[in-house]
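So you can see what is in the structure, the chains are spelled out below.
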Amino acid sequence: MDADVIIVGSGAAGAAAALGLAEHDPLVVDVGNEPPPDRFAGSLEESRESSPDLHDGLIGPDLESLHNVFFPYLSPKLKAPLMRFIWAEAASLTPLESSSFHAVISLALGGLANAWGAGTFRFISEDLDGFPIGAEELDPHYDLLTREIGISGADDDLGPCFGSTRDLLPPLRLPALFSGILGRYVRRNGTFLRKGLRIGRPRIAVLSEARDGRPAYEYDSLDFFQSGNPAIYTPSLTIQKLVHSGKIRYRNRILVRSFDEDHEGVTVHGLDLDSTTRVSFRCRKAILAAGALNTARIVLESRRDYRTTLPILDNAVSYIPLLDPRRIGVPDATPCYPGAVLNAIYKPAGASAPLQMSLYAFTGTLRSDFLFDFPFASRDVLPASRVLLPALLVAQLFFPSLPHPANRLTLDETGRLRVEFPEPQRLPVERRLLSLYRRLGLFGHPTLVRHLSPGSSFHYAGCLPMTRSPSSPYETGIDGKLAGTRAVFIADAAVFPRLPSKNHTFTVMANAHRVASGIAAAPG
Amino acid sequence: MAMSEESAMAGASDAERPRDESWRRRRAEELDAFHRILFDAPAPEPLLLRYLEAYSRFSALESTAPLVDRLIASHSDLEAIELAARLRDPDNPLTRRLKVLSYLAEARREYAAHFYAPPPGRLRGFVLLCVAAMRTAFKFSIGAVRRSELDGR
Chain W
1045 MDADVIIVGS GAAGAAAALG LAEHDPLVVD VGNEPPPDRF AGSLEESRES SPDLHDGLIG
1105 PDLESLHNVF FPYLSPKLKA PLMRFIWAEA ASLTPLESSS FHAVISLALG GLANAWGAGT
1165 FRFISEDLDG FPIGAEELDP HYDLLTREIG ISGADDDLGP CFGSTRDLLP PLRLPALFSG
1225 ILGRYVRRNG TFLRKGLRIG RPRIAVLSEA RDGRPAYEYD SLDFFQSGNP AIYTPSLTIQ
1285 KLVHSGKIRY RNRILVRSFD EDHEGVTVHG LDLDSTTRVS FRCRKAILAA GALNTARIVL
1345 ESRRDYRTTL PILDNAVSYI PLLDPRRIGV PDATPCYPGA VLNAIYKPAG ASAPLQMSLY
1405 AFTGTLRSDF LFDFPFASRD VLPASRVLLP ALLVAQLFFP SLPHPANRLT LDETGRLRVE
1465 FPEPQRLPVE RRLLSLYRRL GLFGHPTLVR HLSPGSSFHY AGCLPMTRSP SSPYETGIDG
1525 KLAGTRAVFI ADAAVFPRLP SKNHTFTVMA NAHRVASGIA AAPG
Chain L
49 MAMSEESAMA GASDAERPRD ESWRRRRAEE LDAFHRILFD APAPEPLLLR YLEAYSRFSA
109 LESTAPLVDR LIASHSDLEA IELAARLRDP DNPLTRRLKV LSYLAEARRE YAAHFYAPPP
169 GRLRGFVLLC VAAMRTAFKF SIGAVRRSEL DGR
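Sequences listed follow chains W and L, in order.
Residue numbers for the first sequence follow the numbering used here, so the first one is 1045 and each next one is one higher.
Residue numbers for the second sequence follow the numbering used here, so the first one is 49 and each next one is one higher.
Hints are not guaranteed to be accurate.
Said to hold, decoys possible - Chain W is faced by these chain L residues, among others (derived, beta-carbon under 7 angstroms):
| id | residue |
| --- | --- |
| 1 | 167 |
| 2 | 177 |
| 3 | 178 |
What the hints assert, rightly or not - Across the chosen pairs, the derived CB separations fall in these ranges:
| id | chain 1 | residue 1 | chain 2 | residue 2 | range |
| --- | --- | --- | --- | --- | --- |
| 4 | L | 139 | W | 1396 | 33 to 41 angstroms |
| 5 | L | 174 | W | 1093 | 26 to 34 angstroms |
| 6 | L | 194 | W | 1214 | 55 to 63 angstroms |
| 7 | W | 1446 | L | 100 | 49 to 57 angstroms |
| 8 | W | 1238 | L | 174 | 52 to 60 angstroms |
| 9 | W | 1183 | L | 174 | 46 to 54 angstroms |
| 10 | L | 100 | W | 1087 | 26 to 34 angstroms |
| 11 | W | 1491 | L | 139 | 15 to 23 angstroms |
| 12 | W | 1184 | L | 101 | 53 to 61 angstroms |
| 13 | L | 174 | W | 1288 | 51 to 59 angstroms |
| 14 | L | 92 | W | 1459 | 43 to 51 angstroms |
| 15 | L | 139 | W | 1467 | 21 to 29 angstroms |
| 16 | L | 67 | W | 1449 | 49 to 57 angstroms |
| 17 | W | 1293 | L | 101 | 39 to 47 angstroms |
In short, the hints are calculated from the structure, not lab data.
Even for Gly, the Cβ is constructed at its ideal location relative to N, Cα and C.
Start from the sequences, fold in the hints, and give me the full structure.
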């Protein structure tokens, strides 16, 4: 045996599973691409002072940052030259074909969470509607992970939606634009609560104060350009910490392709990318945590099943630009975390499920990413943007995703996933939200609302849904065990039977920790 | 997505493209024209080198170069035509060139004041916005009439 337990993947699920099995010497295997060396000396402002040209760091030697000028939209974080490692090699090693689904697959150490906004939201009971497990089964794992990763936030009107405030760090600084919005909301929150809108501070895995050898967040304006800021949690921090403390072993440059089982255990098969030779690892139990799409690929390939279609979930996303006229042209020296600065939950009377929004400032990305979205003549876009930017924000709205027969994936015999996703489940709520935001002094227009194409949320899930009594070989039990196997467990979002509106990463971690803890506690 | 990007870039290899002095001069004139629109000055040499690099990497620039050459040669109001075109199609050849220039300039310290100067205050800000809106309306009225020049008509 190479290990008692092998964990495939080092992203949010793999890292949390490794944490749950840290006393059992698990072996984590994946491709594990790592970021290139930093290219910035200090903060972005300091780098601008010290260097006449930041071309390599901001634009890239291959002009990577110009991606969206010529190709389909890629998030500013993922197109940045120093962030390309996140999806490097994925197109060739884990190919996916779709005309309607723009997926990003990561083979990096830490996975897609290298580019996440660090939103950490507990699923409460209403979010877990349709899951075979309840909030009480996840809460101990949320609690442990909150202490492990460090989450800043506040006890405010979002408390009933976000769950326990135990062990939260103080919230990050609030720029004037957002403190104004929050102040106006708080003064009239009775009105907004009756309409179903709650606004408050986000729960984010960003340290507002130093903790466990990690520094407090320093507002260096580099979050969109390089990863590895130790104040922002990524799963790679957990993997590296566990490796350094000798609690786990980690083998990178391995592309896991399949598994098979016998009465003694599981054999995990893969490709050593450096030697291009096939490799196999023996273990008693295997945990697949390669991300929902790649986990589905491994399961289908292991069964050489090129016919079955599996369900797939993904949150539809809308961006709602908003303008606060009070802030037009007004300078604000308060530095701003470029992720969610405020969160909002909208659940009007009679709605079956809440909708979550993250409110972002237009800071952090390159100005060139959006300059020509302003409807001004080109000579005027730069001066006008300087006046408007202090007053602009965007509400990123996620919609729940339920299984739909048209949204599905298959694997072909060449190893290519084929995804069909014609039905992004979006509700016509933007006009109502604009009306509510207007009462907060924020103005927008329905024609400016932008709907991202399916796949853009990166919240892929639901391929191997968890049920109390699995009836198909492509379902998992509540212990995470894949039906039809003796000792193969699924720990990532593939097991989510539906996706609520909330960012699912923290729940992926909590569930993976729950599954791993169950394995750790099992006899033998 | 990455695959299509790689193949698009591969399809635009330097070897397939004319790179004589006349071609370089036309690209310099083109960059100057766009640079004057955005920054009210001719483009410096280092930026031209980056701009030529963009031509090497993105075939969509080369394929639309004759159209842009024609607009520049006829002294068309590029800014007006670009605005009218952008409001219908943000991926038109003129807007793409302005975006490329904007990205390349933003990384350079000498352009920091254009991109990152602090806002001018509320009153001056409103005045500036009003002027920009009126100028934009004027440019649009010209561009709406001449947009057909972008289609080669």
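Hints versus structure:
A cut of 7 angstroms between beta carbons decides the hint on residue 167(L): the least distance to chain W is about 5 angstroms, and the hint holds. For residue 177(L), the interface hint holds, the least distance from its beta-carbon to any beta-carbon of chain W being 6 angstroms, beneath 7 angstroms. The criterion of a C-beta within 7 angstroms of any C-beta in chain W is not met by residue 178(L), whose closest approach is roughly 10 angstroms, and the hint is violated. Judged by the Cβ atoms, the range 33 to 41 angstroms given for residue 139(L) and residue 1396(W) holds: they are separated by roughly 38 angstroms.
Here the CB-CB span from residue 174(L) to residue 1093(W) is close to 32 angstroms, well matched to the stated 26 to 34 angstroms. Under the hint 55 to 63 angstroms, the C-beta atoms of residue 194(L) and residue 1214(W), about 57 angstroms apart, fit the expected range. Separation of residue 1446(W) from residue 100(L) is about 51 angstroms and conforms to the stated range, judged on CB atoms against 49 to 57 angstroms. For the pair residue 1238(W) and residue 174(L), the supplied restraint of 52 to 60 angstroms is violated, since their beta-carbon distance comes to about 35 angstroms.
Remark: the range hint 46 to 54 angstroms for residue 1183(W) to residue 174(L) is upheld by a beta-carbon distance near 51 angstroms. Distance hint check: the CB atoms of residue 100(L) and residue 1087(W) are about 31 angstroms apart, consistent with the given range 26 to 34 angstroms. Between residue 1491(W) and residue 139(L), the C-beta spacing of about 18 angstroms keeps the proposed range 15 to 23 angstroms intact. Under the hint 53 to 61 angstroms, the C-beta atoms of residue 1184(W) and residue 101(L), about 54 angstroms apart, fit the expected range.
Between residue 174(L) and residue 1288(W) the Cβ separation comes to about 56 angstroms, which falls inside the hinted range of 51 to 59 angstroms. At roughly 49 angstroms, the beta-carbon separation of residue 92(L) and residue 1459(W) lies within the given 43 to 51 angstroms, and the hint holds. Checking the proposed 21 to 29 angstroms range against residue 139(L) and residue 1467(W) shows it holds: the Cβ atoms sit about 26 angstroms from each other. The supplied range of 49 to 57 angstroms is met by residue 67(L) and residue 1449(W), whose beta-carbon atoms lie about 54 angstroms from each other.
Between residue 1293(W) and residue 101(L) the Cβ separation comes to about 44 angstroms, which falls inside the hinted range of 39 to 47 angstroms.
The structure shown violates the earlier hints numbered 3 and 8.
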